[in-house]
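Colleague: Okay, here's what each chain looks like letter by letter:
2 protein chains.
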Amino acid sequence: MQDRRPPTGESLLFLTDDQLLQGIELMFFAYRGFTSDPDKILQNYTYGRAHHRAIHFVHRQPGTTVNNLLDILGVTKQSLNRVLRQLVNDGLIESRVGERDRRERHLYLTPEGVALESKLSETQRKRMRAAYKAAGPDAVQGFRQVMEHIMDPAMRRHVNTVKRD
Amino acid sequence: MQDRRPPTGESLLFLTDDQLLQGIELMFFAYRGFTSDPDKILQNYTYGRAHHRAIHFVHRQPGTTVNNLLDILGVTKQSLNRVLRQLVNDGLIESRVGERDRRERHLYLTPEGVALESKLSETQRKRMRAAYKAAGPDAVQGFRQVMEHIMDPAMRRHVNTVKRD
DNA sequence: CAATTTATGTCAGTCTTGTTGACTTTCCAA
DNA sequence: TTGGAAAGTCAACAAGACTGACATAAATTG
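These protein sequence lines are chains W and Y, in that order.
Our numbering applies: residue 1 is where the first sequence begins, and numbers increase by one.
Our numbering applies: residue 1 is where the second sequence begins, and numbers increase by one.
Keep in mind that the hints were calculated from the coordinates and are not lab data.
All of these numbers come straight from a predicted model, not from anything done at the bench.
Only true hints are included.
Which copy is meant is left open, so a pair is good if it fits within one copy or across any two.
Cut-off 30 Å, straight-line C-alpha distance, at most; resulting in silico cross-link-like pairs (DSSO-like, lysine-lysine):
| no. | residue 1 | residue 2 |
| --- | --- | --- |
| 1 | Lys-126 | Lys-40 |
| 2 | Lys-126 | Lys-163 |
| 3 | Lys-77 | Lys-40 |
| 4 | Lys-163 | Lys-133 |
| 5 | Lys-119 | Lys-163 |
Turn these sequences into a full structure, and let the hints guide you.
Modeller: This is the structure in structure tokens:
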């Protein structure tokens, strides 16, 4: 027996292959726009997207260890080490030996690191702000819910929590 | 659940730096999850993410030209040409000389190309389907709105339109 | 205390995918 | 018809991922 009802209802339509295809392409194009502004700035440095990511998460979690950063970024330690070495040598990140466990290195942004972080994140915040404003609070709530379900569950704990006053 | 606050609260809260930072990190982690499944499959081939993107958009727009694909993908023609050459040599994409303008190449997936496209997109559709289902139709609508505003406006016309029967 | 594990760093080599530069073929307009 | 623009191709290089092997120091375990 075949159900001949067309999927007109909103509750069914949002799971058609067309909708899913649209979602896939939204991810592609939105991510490209999202990374384009910082990329332009980074071209003036010897840095790339990998450096931006390291700077971002060290800023968000000052004192984080290399291992924690590896978990967040999902790259190999050799890959991360290359960018950290450069950023430490260039004086944007400070690496302090751990007090409790002296094998660990705790990472902090220097004032120069903070300056670059601001410059980079400013462009992305501006883009997000414009998108949020145009879409409205309810849409933002929906955006958040879908995005959290797209990511791997283990990564959710790394996403910034919003302070509710 | 949407918290109902006095006008100043609700209409401003979703534009705090905390919210914007959260949005930035949602983009990062969601995109990483989104690309992880196809990446795993592609490891068994000599192909990478660039090949996936080419296959995806040739599938979506059979007969598209190299130039149109360049506009969509936002890479240099030399970069795109390399992956197209491989895919044509391997018999996944067919390149036909244009009839009206013989400088153009029109691109089509072969049956083998269609097979790989299905295999790759299946994993992404599955992830999107699960996320959409978990978040619900209203959230999906909000997701779509925010994503369309994050991307560069010129790219919106390349996003799949949903057939409403 | 010796052996093992953990955290980090480094060297070497490979792969994908971006880049620029130089080139051919084709079309079109002066 | 000829010179420029457009579409596509080939070659060489660079960034940033990867794996594998190895080193060092510190913590943990038997």
